[in-house]
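A.B. asks: In case you want the letters, here they are:
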Amino acid sequence: MAPIPGRPAASPRPGCRSRGVPGRELVAPTVVAILGALAYLAFPDDLAFFTRIIVAALFVMSLDLVVGYCGVATLGHAVLYGAGAYAAGILCVDGLTDPLLLIAAGSVAGVVAGLVTALVILRAHGLPQLVLSIAVVQLAYEAANKARDITGGSDGLSGISPGPVFGLFEFDLWGRTAYVLALVLLIATLVVLRRVVRSPFGLLCRGIKQDPDRIRAIGGTIYGNLVKMYALSGAVAGLAGGLTAVTTGVVGLDSVSFEWSAEALVMLVLGGAGTLYGALVGAVVFTGFEHYVAAVDPYHWLFVVGALLIGVVLALPAGLGSLAAWLRRLLPQGAP
Amino acid sequence: MNVLLSIAFDALAYGMVLFIICIGLSVMMGLMRVINLAHGAFAMIGGYIASYVAGPMGWGYVPALVCGVIGAALIALPLERLLYRRVYGASDPLVQVLMTIGLTFCIIGATNFLFGSAMRAIPLPALISGPVDLGVRTVPAHRLFVIACGVVIASGLWYLIERTSFGIRLRATVDNTGMAGALGVRTDWIYTATFALAVGLAAFGGAVGAEIMPLDPYYALRYMVTFLVVVSVGGAGSIGGALVAALLLGFVDTTGRYLAPNYGEFFFYLAVIAIVFVFPHGLLRRGA
Chain A
133 MAPIPGRPAA
143 SPRPGCRSRG
153 VPGRELVAPT
163 VVAILGALAY
173 LAFPDDLAFF
183 TRIIVAALFV
193 MSLDLVVGYC
203 GVATLGHAVL
213 YGAGAYAAGI
223 LCVDGLTDPL
233 LLIAAGSVAG
243 VVAGLVTALV
253 ILRAHGLPQL
263 VLSIAVVQLA
273 YEAANKARDI
283 TGGSDGLSGI
293 SPGPVFGLFE
303 FDLWGRTAYV
313 LALVLLIATL
323 VVLRRVVRSP
333 FGLLCRGIKQ
343 DPDRIRAIGG
353 TIYGNLVKMY
363 ALSGAVAGLA
373 GGLTAVTTGV
383 VGLDSVSFEW
393 SAEALVMLVL
403 GGAGTLYGAL
413 VGAVVFTGFE
423 HYVAAVDPYH
433 WLFVVGALLI
443 GVVLALPAGL
453 GSLAAWLRRL
463 LPQGAP
Chain E
47 MNVLLSIAFD
57 ALAYGMVLFI
67 ICIGLSVMMG
77 LMRVINLAHG
87 AFAMIGGYIA
97 SYVAGPMGWG
107 YVPALVCGVI
117 GAALIALPLE
127 RLLYRRVYGA
137 SDPLVQVLMT
147 IGLTFCIIGA
157 TNFLFGSAMR
167 AIPLPALISG
177 PVDLGVRTVP
187 AHRLFVIACG
197 VVIASGLWYL
207 IERTSFGIRL
217 RATVDNTGMA
227 GALGVRTDWI
237 YTATFALAVG
247 LAAFGGAVGA
257 EIMPLDPYYA
267 LRYMVTFLVV
277 VSVGGAGSIG
287 GALVAALLLG
297 FVDTTGRYLA
307 PNYGEFFFYL
317 AVIAIVFVFP
327 HGLLRRGA
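Residue numbers (this note's numbering), protein chains in the order written: chain A, 133 to 468; chain E, 47 to 334.
Calculated directly from the structure, the hints in this document are not laboratory data.
Certain hints may be false.
As the list claims (entries may be wrong) - So these bits of chain A aren't anywhere near chain E, every CB distance computed over 10 Å:
#, residue
1, ASP178
2, GLY203
3, ALA236
4, VAL240
5, VAL312
6, TYR431
Said to hold, decoys possible - Residues from chain A shown here face chain E by an in silico Cβ test under 8 Å; the list is partial:
#, residue
7, ALA205
8, ILE266
9, ALA267
10, GLY438
Glycine residues also receive a C-beta, built at the ideal position from the N, C-alpha and C atoms.
With these hints in hand, go ahead and build the complete structure from the sequences.
C.D. replies: Listed below in structure tokens is the structure:
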């Protein structure tokens with residue numbers, strides 16, 4: 133191939149660019165931290181809403197791990213989230229009050245739910261896989277609804293009042309502690325996940341998404357790696373669920389619903405599947421829009437989301453997150 | 047005994063409505079490989095047009111059904127040209143899923159804007175609104191009408207696909223679009239005609255089944271999953287498979303609701319998981 137004029141002849145692949153400069157690994161988490169701190173200072177009255185955005189972002193990132201990196205089609209990811217939320221909520225009602233332990237328990241529950249779900253839905257591909265994932269989330273929903281004694285059924289699980297973080301920081305009325313806790317967890321997760329998706333394991337999963345036969349031919353196992361990624365995704369989704377139980381104090385049936393799963397998928401595709409920023413951008417844009425447009429009229433909101441989805445799918449297949457890359461390409465090459 | 051009979055009868059009627067709506071989706075998925083989640087939205091459009099024609103305009107039941115079918119097809123065809131064409135054969139099924147979910151959202155929003163959020167009924171003519179004595183027991187005449195419609199549509203479609211020249215072209219295009227095109231079949235016309243047929247059937251099912259599956263703007267979302275499940279269980283593109291799956295799942299769902307109403311759709315989805323595990327490509331798949 134002839135080198136394209138005006139461009140460097142051999143630009144390194146994007147995935148490898150960070151190898152030489154260790155500092156670049158930390159750019160995205162730093163940006164998130166700065167934006168989070170600015171939001172804290174600029175809108176001190178909306179911290180509960182920002183906490184919700186962070187929970188959504190964590191959940192969408194976890195979905196991204198299986199959809200964007202492994203190519204698994206799922207509309208049932210809320211099972212993992214709901215498992216974490218209910219585990220943390222139930223433990224707290226039963227007397228465990230340390231918030232970090234509760235969130236960790238949620239994460240473990242998410243891993244278990246992820247393993248069980250993976251056993252079912254990774255058996256099929258394409259449409260049957262989608263249908264299996266829907267069936268799994270509907271079963272979980274009915275089960276949570278039925279187990280009224282433990283989960284509170286359709287009334288929701290209430291009475292979750294965790295103690296102070298580290299025994300020092302009480303959860304306050306303005307949601308300051310909750311927000312800071314959520315932001316710290318988000319940044320930590322982002323750092324860990326960035327390492328994971330760039331590790332040989334992460335690259336192998338990408339390979340499975342693109343061409344499973346070839347991966348098999350070069351000696352990679354498919355099922356085992358997908359199950360592993362699913363468990364990891366469960367850890368993150370369960371973390372998000374546990375976080376929401378701890379910060380809001382209630383767990384509703386909607387946390388294991390098909391709708392929540394579909395909403396997360398919509399956020400992921402809006403932002404761009406296959407990149408962690410895409411998941412972040414999608415969660416922020418969707419939840420933010422929802423907050424302001426749905427307040428006016430829920431049906432208008434539905435129409436706006438629908439039009440946005442069609443537009444993104446047809447015009448911007450890589451999601452809103454790809455706008456940033458596109459803008460960067462417009463800059464002169466000499467710019468840093 | 048009486049309970050069993052009424053379960054069987056309700057299950058049959060429900061299964062037939064599911065079949066009428068899903069068969070269009072099944073043919074479309076078999077032919078165009080499009081996971082069309084907006085199918086329920088087209089059924090809803092048909093139902094709303096029928097309710098408007100039969101209610102405020104007062105034209106009667108049969109014209110209402112005809113208007114519903116034609117109206118929905120007329121609304122859907124431009125969408126096929128503008129939107130669906132772009133995602134035919136997309137390598138990633140999620141693209142289709144999300145575009146059609148987006149379309150569904152838009153249709154729900156538009157429906158609510160035009161008709162409001164209240165539930166809509168389609169007034170039935172006297173002939174099929176009362177009960178009918180079958181000797182064994184009395185049943186609502188409307189259920190009988192629905193079952194008859196299902197039987198007529200199943201046999202009509204079988205004839206259309208297996209016995210007419212359109213059916214031959216359709217099957218050829220399903221099996222190998224490129225080869226069919228090379229042999230002079232106008233495949234893009236076949237696509238359009240099939241799309242219109244699928245939407246028309248959905249609209250008919252939505253209008254006829256409005257008594258069993260009530261019409262409101264969230265109809266499209268509420269039944270979206272059910273339709274997709276029926277098609278997937280039956281095997282995309284198979285009339286027999288869709289019929290078996292619709293009747294089977296209709297039976298499981300109705301029985302579950304009668305005998306264990308507290309469990310909601312638990313049995314329905316349990317059956318789905320079991321069937322998909324045993325038959326990952328659907329109960330009856332064309333050419334398998």
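A.B. asks: For every hint, state whether the structure bears it out.
C.D. replies: Consistency of the hints with the structure:
| no. | hint | result |
| --- | --- | --- |
| 1 | ASP178 | 26 Å, holds |
| 2 | GLY203 | 8 Å, violated |
| 3 | ALA236 | 31 Å, holds |
| 4 | VAL240 | 25 Å, holds |
| 5 | VAL312 | 34 Å, holds |
| 6 | TYR431 | 4 Å, violated |
| 7 | ALA205 | 6 Å, holds |
| 8 | ILE266 | 5 Å, holds |
| 9 | ALA267 | 4 Å, holds |
| 10 | GLY438 | 3 Å, holds |
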